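> Assemble the whole structure, with the sequences as input and the hints as a guide.
Position 52 (the sequence shown) corresponds to 51 in numbering that gives the first Met the number 0; numbering is contiguous.
Be careful, since some hints might not be right.
PhoX-like mimics (lysine-lysine), calculated; alpha carbons at most 25 Å apart, straight line [stated by the list, open to error]:
1. 187 with 171
2. 188 with 208
3. 260 with 171
4. 208 with 288
Here are the simulated distance ranges between beta carbons [what the hints assert, rightly or not]:
5. 461 with 48: 56 to 66 Å
6. 259 with 171: 15 to 25 Å
7. 213 with 431: 40 to 50 Å
8. 248 with 193: 38 to 48 Å
9. 470 with 100: 24 to 34 Å
10. 107 with 193: 32 to 42 Å
11. 470 with 424: 28 to 38 Å
12. 140 with 434: 44 to 54 Å
13. 459 with 211: 50 to 60 Å
14. 455 with 287: 42 to 52 Å
15. 429 with 171: 34 to 44 Å
16. 236 with 170: 26 to 36 Å
The hints are simulated quantities; they were obtained by calculation from the structure and are not laboratory data. Predicted, not measured: the structure shown is a model, and the values here were computed from it. Even glycine gets a Cβ: it sits at the ideal position worked out from N, Cα and C.
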Amino acid sequence: MMKINGLFMVLILAFAAFSCNTKTEVAKKPNVLIIVADDLGYADLSFLPYASKDIQTPNIDRIAENGVFFTDAYSTAPICSPSRAGLITGRFQQRWGNYWYGEGGLPAIEKTLPQMLKEQGYYSVKIGKTHLNGGPAEHPMDHGFDDFLGFIDHTWDYLRLSANDVDEYGEKNAKLAHIGPLLNGREKKSYENSFTTDIFTDKAVDVIKANSEKSWYIELEYNAVHHPTYICHPDYLGKYGIDQFPFWNPQEEPYNVWHKKWGHLGEVDPDGRKRYQLQLEVMDNGIGKVLNALEESGQKDNTIIVFLSDNGGTINTYARNMPLNGYKYMFAEGGIRIPMIISYPQKMKEHITVSQLVSGMDILPTVLAATGTPIPENIDGNNLWPVISGDELGHEELFWADGRGQWVARKGKWKLVNNSGWVHSNFKIENGTAVSTEDFIYPEGVLLFDLQNDIGETQNMAAGNPEVVKELTADYEMWRSEMSDPRTREGKLKKKKNKK
0 MMKINGLFMV LILAFAAFSC NTKTEVAKKP NVLIIVADDL GYADLSFLPY
50 ASKDIQTPNI DRIAENGVFF TDAYSTAPIC SPSRAGLITG RFQQRWGNYW
100 YGEGGLPAIE KTLPQMLKEQ GYYSVKIGKT HLNGGPAEHP MDHGFDDFLG
150 FIDHTWDYLR LSANDVDEYG EKNAKLAHIG PLLNGREKKS YENSFTTDIF
200 TDKAVDVIKA NSEKSWYIEL EYNAVHHPTY ICHPDYLGKY GIDQFPFWNP
250 QEEPYNVWHK KWGHLGEVDP DGRKRYQLQL EVMDNGIGKV LNALEESGQK
300 DNTIIVFLSD NGGTINTYAR NMPLNGYKYM FAEGGIRIPM IISYPQKMKE
350 HITVSQLVSG MDILPTVLAA TGTPIPENID GNNLWPVISG DELGHEELFW
400 ADGRGQWVAR KGKWKLVNNS GWVHSNFKIE NGTAVSTEDF IYPEGVLLFD
450 LQNDIGETQN MAAGNPEVVK ELTADYEMWR SEMSDPRTRE GKLKKKKNKK
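If you want it as structure tokens, here you go:
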């Protein structure tokens, strides 16, 4: 349901004032802060009516207080690397063959949000995780950022961030376990007795305080709450009544054996949910420090804040996605539907909820519209300001694919899935403790769901609605004909290996 009032007419008129792009107006343009959580559960924000009862996120809730929560927001993939490419370009990343891990990369010809904002005089900083599947422009400073602090990988250790840690494990083992210094620009920087979430928060705070006189763009991509969530912040262990999880010992077992157990739910950690809660609290507290820096420097009102997850929460770290079905890696709602908030305190004075169909791709044109930056004609995303005001609807259709036979078409209330099936070990919470339960199963075959009446995807309606199946299949095939087949990180077409 969408709540609309007169302030949004003011909002739209205000954004019209950003249409002039003269140099004298650069200082007047809004700052932009995009905060990306990694594998955050759809139900793991405390302001939501269906929030998990064991979660408190007061600072993310602050963003929503005078912002828009999109109930039907989607990532462009059920995994992080392709979805992040779609976010930063405003385009279906499948157009250049970026479907799954290690595919497609970020080609130099794909223009990104920081590149576009740079042309308007913005100072742009990337903080945290970068994982775009390689490609010539993967490094943040090769696709428009002026500064970078973080890592280029799908995951990183939260604690062991120094050259000494690499020496202790040996270079090969440290690489396997994603242990070692971060990148500061293009150079490695060691940290002793630090925690990535704190490091990334402090960097964002420093940039905000040092640049109050210029327009800036910060992309703050925490590695929380991605695995290894079992490696916890020492200062929070006592609050949750848990001990630090024993670190991997290369002398006892290979890393892939260790990681399958503790990173992919091969074994259930009784304290797994608590460790996830701990990681989320550390991130939420960090976001609180960032918001405080905006307020203390007088920049909060003129800062557009976007908060979202890169994809659905993962079962492997004990995330909760209710009332959705499924998890990361899957084309179920729990894999692709994400929490997403947009806030602009200067123009938006209360919390509203919008249930139009929107995508992470929409962030780029939405930011461009607010900053008076020309919106390229070749993007697939929509400017969300007219959607927020009620003047326009969201996407009529959205599509997903893994490039090997699995795909999804979403149109109106309908969602059509062509699925190869998904079976995974599972857990449940009993008295605050995680215990094993029956496997999670997402069925194989052609699946049609009425999400308006069945958000949990419990009833396959394909047999009774053959015309809907036919229509959405044709729509998907038309969309797929415009996409590339999967490509390597270097941009070469891969050999086809259809799953179905």
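> Indicate, hint by hint, whether the structure satisfies it.
Right, here's what the structure says about each hint:
In summary, the hint linking residue 187 to residue 171 is supported, as the alpha carbons are separated by about 17 Å, within the 25 Å threshold. Pair hint residue 188 plus residue 208 holds up; C-alpha atoms about 22 Å apart against a cutoff of 25 Å. Only pairs whose Cα atoms come within 25 Å are accepted, and residue 260 paired with residue 171 is accepted, the gap being roughly 20 Å. Distance restraint check for residue 208 and residue 288: the Cα-Cα separation of roughly 12 Å lies within the 25 Å cut-off, and the hinted pair is therefore satisfied.
At roughly 30 Å, the beta-carbon separation of residue 461 and residue 48 lies outside the given 56 to 66 Å, and the hint is violated. Distance hint check: the CB atoms of residue 259 and residue 171 are about 19 Å apart, consistent with the given range 15 to 25 Å. Residue 213 and residue 431 have their C-beta atoms about 47 Å apart, which keeps the hinted 40 to 50 Å range intact. A hinted range of 38 to 48 Å for the beta carbons of residue 248 and residue 193 is inconsistent with their spacing of about 23 Å.
Checked against the hint of 24 to 34 Å, the pair residue 470 and residue 100 passes, with Cβ atoms roughly 32 Å apart. Checked against the given bound of 32 to 42 Å, the beta carbons of residue 107 and residue 193, roughly 33 Å apart, stay inside it. A hinted range of 28 to 38 Å holds for the C-beta pair residue 470 and residue 424, which are about 37 Å apart. Checked against the hint of 44 to 54 Å, the C-beta distance between residue 140 and residue 434 comes to roughly 46 Å, which is consistent with it.
With their beta carbons about 55 Å apart, residue 459 and residue 211 fall inside the hinted range of 50 to 60 Å. Separated by about 33 Å at the C-beta atoms, residue 455 and residue 287 break the suggested range of 42 to 52 Å. Judged by the Cβ atoms, the range 34 to 44 Å given for residue 429 and residue 171 holds: they are separated by roughly 40 Å. For the hinted restraint 26 to 36 Å between residue 236 and residue 170, the CB-CB distance of approximately 29 Å keeps it satisfied.
When held up to the earlier numbered hints, the structure conflicts with 5, 8 and 14 and fits the remainder.
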